[in-house]
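*Asks:* So you can see what is in the structure, the chains are spelled out below.
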Amino acid sequence: MMFGFPDVGLVGVIAASHLIEELDLDEVAYLDSTLLPPIIVLHEGLPHSPIRVFGNDNVMLAVSETPLAADTIYPIMYALIDWGKSKNVKMMVSLSGIPLEERQDAKELKVFAAGSSPEMLKIIKDRGVEILSEGYMVGPQAIMLQRCSQLSVPAVTLLAQCFYNYPDPEAAAEVLKGLAGITGVKVDVAKLLEKGEEIRVKARDVMKRTQQEMSNMKKGQEYDIPMYVS
Amino acid sequence: MAIERKRRSFIDIFDEYFDEMERELDRWRESFVEGPSWNLKASTMEPLKNMRVLPTEVVVTVDLPLTKESSLKVKALDESTLEISAQMKRKMTFKELGITHHKGEFQKFHCHMRVPVPVQMNKMKTKFKKGMLEIHIPRKRRH
Chain A
1 MMFGFPDVGL VGVIAASHLI EELDLDEVAY LDSTLLPPII VLHEGLPHSP
51 IRVFGNDNVM LAVSETPLAA DTIYPIMYAL IDWGKSKNVK MMVSLSGIPL
101 EERQDAKELK VFAAGSSPEM LKIIKDRGVE ILSEGYMVGP QAIMLQRCSQ
151 LSVPAVTLLA QCFYNYPDPE AAAEVLKGLA GITGVKVDVA KLLEKGEEIR
201 VKARDVMKRT QQEMSNMKKG QEYDIPMYVS
Chain B
231 MAIERKRRSF IDIFDEYFDE MERELDRWRE SFVEGPSWNL KASTMEPLKN
281 MRVLPTEVVV TVDLPLTKES SLKVKALDES TLEISAQMKR KMTFKELGIT
331 HHKGEFQKFH CHMRVPVPVQ MNKMKTKFKK GMLEIHIPRK RRH
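Quick mapping for you: the protein sequence lines, in order, are chains A and B. For the first sequence, the numbering used here assigns the number 1 to the initial residue and increments by one for each residue that follows. For the second sequence, the numbering used here assigns the number 231 to the initial residue and increments by one for each residue that follows.
The hints are simulated quantities; they were obtained by calculation from the structure and are not laboratory data. Check each hint, because a few of them may be wrong.
Unchecked claim - Which residues of chain B face chain A? A few of them, derived with a C-beta cut under 7 Å, are: (1) S267; (2) L278; (3) N280; (4) D293; (5) P295; (6) L296; (7) L327; (8) K359; (9) G361; (10) M362.
Backbone N, C-alpha and C fix where the C-beta goes; we use that ideal spot for every residue, glycine too.
From just these sequences and the hints, can you work out the full model?
*Replies:* Here it is as structure tokens:
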């Protein structure tokens with residue numbers, strides 16, 4: 001089961017949207033909660049929850065079209081993970097980004113991963129993805145990893161270097177390559193890169209709302225130098 | 231009647247400076263979320279933008295996808311206001327943006343930005359790469 005939520009560079013949402021299109025995933029479930037803001041998403045005139053699960057016989061993908069408010073992240077992520085666990089998913093994977101200060105000048109974007117257990121870290125290493133070994137992680141992907149660790153559900157958070165404040169389709173393409181390496185779920189990213197500038201135009205408003213929520217959840221802490229307590 | 235002028239400590243001045251910066255940033259953040267990000271009359275869209283005030287310079291970045299560098303205009307309207315505009319390579323309709331209850335099209339990005347500290351606008355430098363504009367403006371030194 002994969003997760004793509006609005007966060008830095010909208011990496012997870014852009015990657016999720018591309019996965020839905022390329023794998024031709026259907027809506028299989030949605031989240032109904034009074035914790036969500038009073039928003040519905042209209043598609044072809046019909047109301048939909050902003051948080052939906054898409055899937056086929058092999059994969060499930062939870063995606064949100066609106067940023068999660070800081071105080072709703074715990075209950076929403078717990079509910080989604082508990083639901084995924086009840087469906088006996090083999091692994092949970094969060095797709096997201098990690099801001100890079102000099103992103104504009106970066107020639108290549110690295111993908112890092114963090115795992116829910118030492119066994120998962122070994123799998124990540126064996127598949128050639130670099131481990132994000134120290135630092136802070138803030139947002140839905142952080143809670144996903146922590147909750148899965150508590151429940152002994154194998155989980156990985158994949159983070160591609162990206163812009164903090166701007167939609168980053170190139171980073172989304174990189175995180176999808178990382179996903180293929182870890183899970184074998186492969187999609188062609190050529191179309192995603194081709195449509196990159198168009199995606200950046202369309203994603204402006206979601207990015208603006210996401211910036212506000214990232215500020216509320218102290219996302220900037222990911223830049224901090226950790227003080228280790230041993 | 232003599233009014234004694236209260237001496238302000240360095241910390242007071244420092245605090246006031248940062249309070250003012252905070253207020254300015256709040257005003258700027260508010261302007262970010264209020265109203266639509268487009269102007270149908272002018273056929274313009276407001277780009278995503280960001281400003282960082284560093285000790286020696288102010289760095290502005292503006293996301294201008296689907297634009298040509300040759301059409302980019304960065305103007306200092308006064309000592310603290312920037313006007314940025316860029317023509318898009320092609321027009322975009324509301325329908326393409328996923329909106330069906332409005333009619334219209336956009337062909338330009340346009341925005342204003344207010345710099346919250348004294349800067350030397352005449353020494354501004356710009357860089358444009360893959361639709362991302364970066365502006366560096368040196369700060370004025372206090373003597």
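*Asks:* Checked against the structure, which of the hints given earlier come out wrong?
*Replies:* none
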